[in-house]
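Peer 1: One-letter residues, chain by chain:
2 protein chains.
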Amino acid sequence: MASEEATATVTSPAATTTTKLFNYSYSNRVLLKTLMERSDGGLQFVGQRIVIGGWVKSSKEVRKPSPPPPQLADDHRVDGGETKHKDVSCVEMLQSRIPFIRSILEVFGGSAYPPRKKQEYGPPKPTPPLPSTVYLLVTDGSTVASLQVVVDSSLASPSKLLPTGTCILVEGLLKQPSAKGKHVIELEADKILHIGIVESDLYPLSKKRVPLDMLRDYPHFRPRTTTVASVMRIRSSLSFATHSFFEHHGFLDVQVPIITTSDCEGLGKLFRVTTLDQKADKEKLNTIHEIEGISLETLKAAAKEKSNLVEILKRSDSNREAQIAAIKDLKKTNELISQLEAKGKTKPATSLKADKVDSSEDFFSCQTYLTISGHLHLESYACALGNVYSFGPRFQADKTDSAKQAAEMWMVEVEMAFAQLEDSMNCADDFFKYLCKWVLEKCTEDMKFVAKRIDITCINRLQQIVFSSSEMVSYNEVIDVLKRVTDKKFERNVEWGVCLTTEHLSYLTDYVFKKPIMIYNYPKEAKPFFFRMNDDMKTVAAFDLVVPKFGVVISGSQNEERLDMITSRVKELGLPREKYEWYLDLRRHGTVKHSGFTLRFDLMVLFITGLTNVRDVIPFPRSYGKAAIN
Amino acid sequence: MASEEATATVTSPAATTTTKLFNYSYSNRVLLKTLMERSDGGLQFVGQRIVIGGWVKSSKEVRKPSPPPPQLADDHRVDGGETKHKDVSCVEMLQSRIPFIRSILEVFGGSAYPPRKKQEYGPPKPTPPLPSTVYLLVTDGSTVASLQVVVDSSLASPSKLLPTGTCILVEGLLKQPSAKGKHVIELEADKILHIGIVESDLYPLSKKRVPLDMLRDYPHFRPRTTTVASVMRIRSSLSFATHSFFEHHGFLDVQVPIITTSDCEGLGKLFRVTTLDQKADKEKLNTIHEIEGISLETLKAAAKEKSNLVEILKRSDSNREAQIAAIKDLKKTNELISQLEAKGKTKPATSLKADKVDSSEDFFSCQTYLTISGHLHLESYACALGNVYSFGPRFQADKTDSAKQAAEMWMVEVEMAFAQLEDSMNCADDFFKYLCKWVLEKCTEDMKFVAKRIDITCINRLQQIVFSSSEMVSYNEVIDVLKRVTDKKFERNVEWGVCLTTEHLSYLTDYVFKKPIMIYNYPKEAKPFFFRMNDDMKTVAAFDLVVPKFGVVISGSQNEERLDMITSRVKELGLPREKYEWYLDLRRHGTVKHSGFTLRFDLMVLFITGLTNVRDVIPFPRSYGKAAIN
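So the protein sequences, as listed, match chains A and B. Residue numbers are given in full-length UniProt numbering: position 567 of the first sequence equals residue 567, and the series is strictly consecutive. Residue numbers are given in full-length UniProt numbering: position 418 of the second sequence equals residue 418, and the series is strictly consecutive.
With the rest of the complex left out, here is chain A (with noise of 0.2 Å):
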């Protein structure tokens, strides 16, 4: 089965040189991409019959006899949201916005709602609407410009087009609008294949300008507006930039696992992953509920248990206070016995098969979590194929309210064999540099719209990173700088030791570097276990690259590997060594050094469109507290 063999086009339009427009391999259409994105604006097309889909920006009505075109201004709004129908009447404007007014209209009027090409005055009656011209601004999602779309009243129904969201299939001809302004070239409507309606009094972008904060409430819809589009065209190309950068330096993509039974580095607070489900919790309590008594052995161990803790603090010096809960906790407890002997129906073992049920009984056979870093499981990989990444979802039940924290967020993990801290700061700097230079060049269109509506500095921040060099500064030297400070008196206060906090780190960015910085060799407390010792014994072969204006976005390690210091690490920290014994056997056998880093990938997103809040970046963002729809 062969497809049309056309699309080259797709990936680089402004390359081509043919002036035939060909549809999109897998739909009769042709993505607007390689219509708007070239050059001269699609100009060479004038004159070529092409179908186009896509969804209704904004819209505007014009009666017959034409007044010259409008030209829509093509102002990528943040909601998609309609521009102004002049020409469209009070009473209609009202009837589509306020559901009220319809009904009533609806009920004296009768007619089916929407009623369109009404008089302007007057009851409606049955007479065939004032032919006009509907001038629809269409995008399909490909690029970030729209194309103006010039429909006749006789082709469909105004009122069905109209509506912010409306989703049509068209098929017409290019050409030159007859007047002069935004549009370089629109399409003459002569067919139309499909309408998508919209209800507009129900859906949420038909309103003007909706907030990015009350956009999150509609994941599902959002990416039809323009902000968002375009935030999510980036992330996508920052993907593939990602998987480029390391194919082309040799790295292996590993996909470490979401569930598994280490805590990793006791970095987070984790989700815990069962298929205990809470049905069967429930019917579980149900059916002990249903069991008319509880069980008598439960209590009576537990009253033994007391019984002893009550001794025990008689015995010791504790305080009065404990020894009378303690001694009145047994004295409920023996009454609850007392009263289920009498009545001579307990049904022992119960709770207490409840009790030990939980874990082996539950899928694994015992506690999974969702995973918080993959570094351990790539740190194998990296010790049997040398250079490996992995580029996926990373989880952690973190409950503080932070713009740039969500409990699922992507990461791209990065090992290597035989490289050291130089070697892993080298790459993280090179793979940063890289995305920062892709973005420039492949997403020209979206970035400059992003600098339009987000932030003006975005292009010239992004330019500044890829000529500069980063500055290479050690903890040590850091915090030297930082003493030194006079005219700023630090929240936390400077010393050996302390961790840094935001505040240090963007004085250093802003005012000291004035660029990208990597501070490197961190107090060994301030890291996990797993990071190698430096000869001094006090720092740690760390690294964080830390952006102007923004933060940390890539943390690295030189990982140790010599078995007695990580061994003695493992102690040291009081972990539980056997659940690390598959992790210290890369030591043991063929060891070898090693490093790496993390990049958090929305992080990056966030910091290269200049937007403050990270689940504006996120598809569907998951938070705390924050049930979402979906």
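Quick caveat, the hints were computed from the structure, so don't treat them as lab data.
Put simply, identical chains are the same to the list, so a pair is met inside one copy or across any two.
With a Cα cut of at most 30 Å, we get these calculated DSBU-like pairs of lysine-lysine: (1) Lys571 to Lys626; (2) Lys442 to Lys404; (3) Lys549 to Lys488; (4) Lys448 to Lys20; (5) Lys160 to Lys571; (6) Lys448 to Lys437; (7) Lys269 to Lys538; (8) Lys579 to Lys160; (9) Lys579 to Lys207; (10) Lys399 to Lys269; (11) Lys626 to Lys579; (12) Lys579 to Lys208; (13) Lys269 to Lys626.
Following the hints, put chain B in place on chain A, whose structure we already have.
Peer 2: This is chain B only, laid out in the frame that chain A set:
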């Protein structure tokens, strides 16, 4: 911070004409890939001084005065086991193999383990070891080929170098072996930069030829075996091929959420995600135990529902058994209610409270799961951005022990707006062929190894797919074909409406069509609610791509874009409509025809490599009841 720019050779070594070997950008060594994957096997680099690092795959020691250096057979063993140590003394062999004998020798001989180069007879003496030459086959994971490294015993103790799995970093001169043999070049080491020893008696890969199923117990070590390393390189390449295909065709990469509130399609068992830990659950169980009484309200509500069910069953034409069962069930509940009311000591709402407590106190204030499929989420992005795909882990708590199923599998999900079933079938077919072609072109060495070691037909099989066309055949036609079969009796009878079994499918691909087939338009009962209803109102627009000797690799569908049709399906199947309101919204506002498909990525790797168990192609597989060590 500039990195050495000399790595273009990494991606296409054969095409480069330079004769100077460069170090890998991020470590001070040459990747074996850049050396060994040349058409001349690296001969052009003879005379160059390089550093290489890797792990010993097999080894041999030869006493001096040396006989002509032996040529180790580079036979790409599954286990990376040692070849014969003919020149190593029997005592030494036993010492290295059997800890017990080593201990005895240590007690009697007082020598430190591992002793080496002792005289062959008599107790060990502190005399200097006899000079020898060590031949190591070293692999670094970048390619399937190994490099022979020759080390004089004066440089490092052979006992440290010889064990399989030892890590070395050596500097030396590339030369042609003095004796003719399998190797085109070898490295004569003159500087040992690092040795990572192996504790042979503990190292699971010390044994010869560890079978794949045993290797599964060592997921952190198994990429060091030639087979698993090859499979993982192929897997990595397929991953990049996936992104390349969709990038080339103008798709956007959308990361759908892993944690979700919807159970998607009711396609399988879900994992629950929670932060309420087991201890808390247990305490809750115990607390509820101690409340004497059960929820009358709950029981009454249940009784009411059950009563309704009985009525419905009576009115419908349902079979008699179902009616009797429902009546019995109702009776039981009513009895329980009577008992409780008689006792008159009910504490209402307790159980109800228990029902509600769990979710509201959980991280997301509601019940959440690991996603089974990103389909629904992806659709919402297709209905805004046009052509989208997602590549990520999906989860199914399936307890059946299938060689093609794991709890955590990666999937490629694709969705296109303005596309119908045929578009989706075309795209799936192209994608499938693209992957096959890619592997043949980019993984030549690994595929040769796989053909040699795992499946001799694999290359031929892929070539056939690339050059043949898939047969498109409807479910109706398939049933007709199968009904006409006389030479075989199927376990499941063939009649319209039946689900096609593995037996049916393999008969069709292997005996009837003898090539990949695409079966489309399945009975609606066999498919999820959101597949588009065909005009016959009996079948839906679904398809499966079935491959000879393997089975289904891709499943796809056109999805229902008509609001009335999909809501009636939701109702018909008794699905909780409130959970799907966001999804129905897509049909309410700006709906469009759209279609897509899913490729189970792990199965694709399985198909390509000819392996039989999916656990062998997943880096860290997760299965029912198997508590992973990591």
